[in-house]
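Those letters in the sequence shown? Residues 91 to 565, by my numbering.
Derived from the structure by calculation, the hints contain no laboratory data.
Virtual Cβ for every residue (Gly too), placed ideally from N, Cα, C.
Fair warning: there could be bad hints in the mix.
Claimed, not checked - Distance windows between CB atoms, simulated:
hint, residue 1, residue 2, range
1, 119, 189, 15 to 21 Å
2, 280, 119, 36 to 42 Å
3, 113, 268, 22 to 28 Å
4, 202, 105, 50 to 56 Å
5, 373, 527, 27 to 33 Å
6, 128, 521, 19 to 25 Å
7, 279, 202, 47 to 53 Å
8, 555, 276, 24 to 30 Å
9, 336, 119, 14 to 20 Å
10, 360, 187, 45 to 51 Å
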Amino acid sequence: MRLLQVDPPKREGLIPDIRLSSGARIKLYGFFKTSIIHDSSSPQGNDFPLPLLSADTGPNNSPEFHIRARGFRLGANFEWLDPAPNMVITGRLEFDFEGDFTRVNNRNISSVRSSQPSIRLAWARIDRRFTERTTGFVLFGQDYTPFLSSTQPTTVENANFGGFGYGAAYERAPQVRFGLNYNAGGSRSLKFQPEFAIVLPAFGDLPANVADQLGFGERQGADSQQPEIEGRFVTQWQLDRASGVVPAQFIISFEHARRRAIVTAANVPAAFRAAFPSGVEVDSTSNGVSAEIQLPTHFVTIISKYYTGSDLRFFFAGQLLSNFNDTAGLTGQATASSIDGASTVVFGLLNGVPTVAPQRPVRGQGGFLQLGFPLSRIFDANPTGRNAGWAAYVYYGYDQATARDARRFGARGSRSDLFSGNLQYKLNSFITFAYEQGLYRTRAANRAGALPLFRGVPSYTTHDLRSELAAIFTF
């Protein structure tokens, strides 16, 4: 379980591995992870699960086998000592090797084992104590977003917490975040934390030209000229007072962002250039709300999340769909590509008047429920013996796009869900062995007509049985 930080960091609380001459203190952390993976159906060829979006898996399920070592992760926590005793300055840098694969002369043939390092987190944070009960902070950099990212399940497949589009939505993004912490105290150590953030507006609408994507990632959110707004309110209390049990948390969050697709004058269809001589711009928005809860006890830990909203693609939700053109009532239609090639814009006549079709966000919802059982504690194992590290987890997650929105994209899925369970054995404080079995399912937007081909047969439901055995070495 990932406990969301509510308590401010303790001054000089970091025990450093490295001390710099500037006074900065650095503590390294990370893990090596090797997984043996089998998927009964993985038509995209990935070593991580995705909703079965392929329109055709071929003559069979497209089963695959992988041995995955690129989950290696390395990070560093930082602390700087400020002369003011009520101020704490901390930071974090974290990356992994789950970036793109190489295409270079000396590693061209061996590209499959040469993945690139990629940034995960890079932030600095200033905390200030105002009173005995109240502190405030500001965070600058890339961190988990306030919206949707507060709770994450414990899974062996941790590249995306069970899989993109299966209910465990989250994201990391550049941001500036402000927060207050209030310690109400009492027998349950009640605490509150409201937060507000301005975030890089991102939608996952990728440029058609790979060189553009390599150059700037995406631009439609930035083209809106406004930040994404996110907020979160956390309530924390001590539910179970047994030794070693962390506090419970209830979290609500929201987000709002806008994107803009630009069509240049040269790309406007010839029949509509007189009406739109300077080009056109089309906007749509993303809005979302979520409720999340973590209830740890000495015999079971319950983690759950529910979210709903529109255009949740960037958060790996809403079946990874973004927006569509609403062409209702338009005649004489013609299309044009946006300036980045990420969107197709539709022109037409509405009651004889040249019009640009509005772009609507795809609506979606989802969530998950996970139960974690500390088996060694339940069966009263010797806490200093080799059987002290057994734990088991069961998980159900689902994610869906509104079917009438998803149908705009043809033969594809509109809902996916995941049943999974994993068993973990912690040999010592450094080494964990884990096994996970999951059933991934995707249901098509249509029950008849245009359906994806699964094993060459039009199918309403497709599925993947995924097994993963992992060895994790933590430092």
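Numbers of the earlier hints that this structure fails to satisfy, in rising order:
2, 4, 5 and 8
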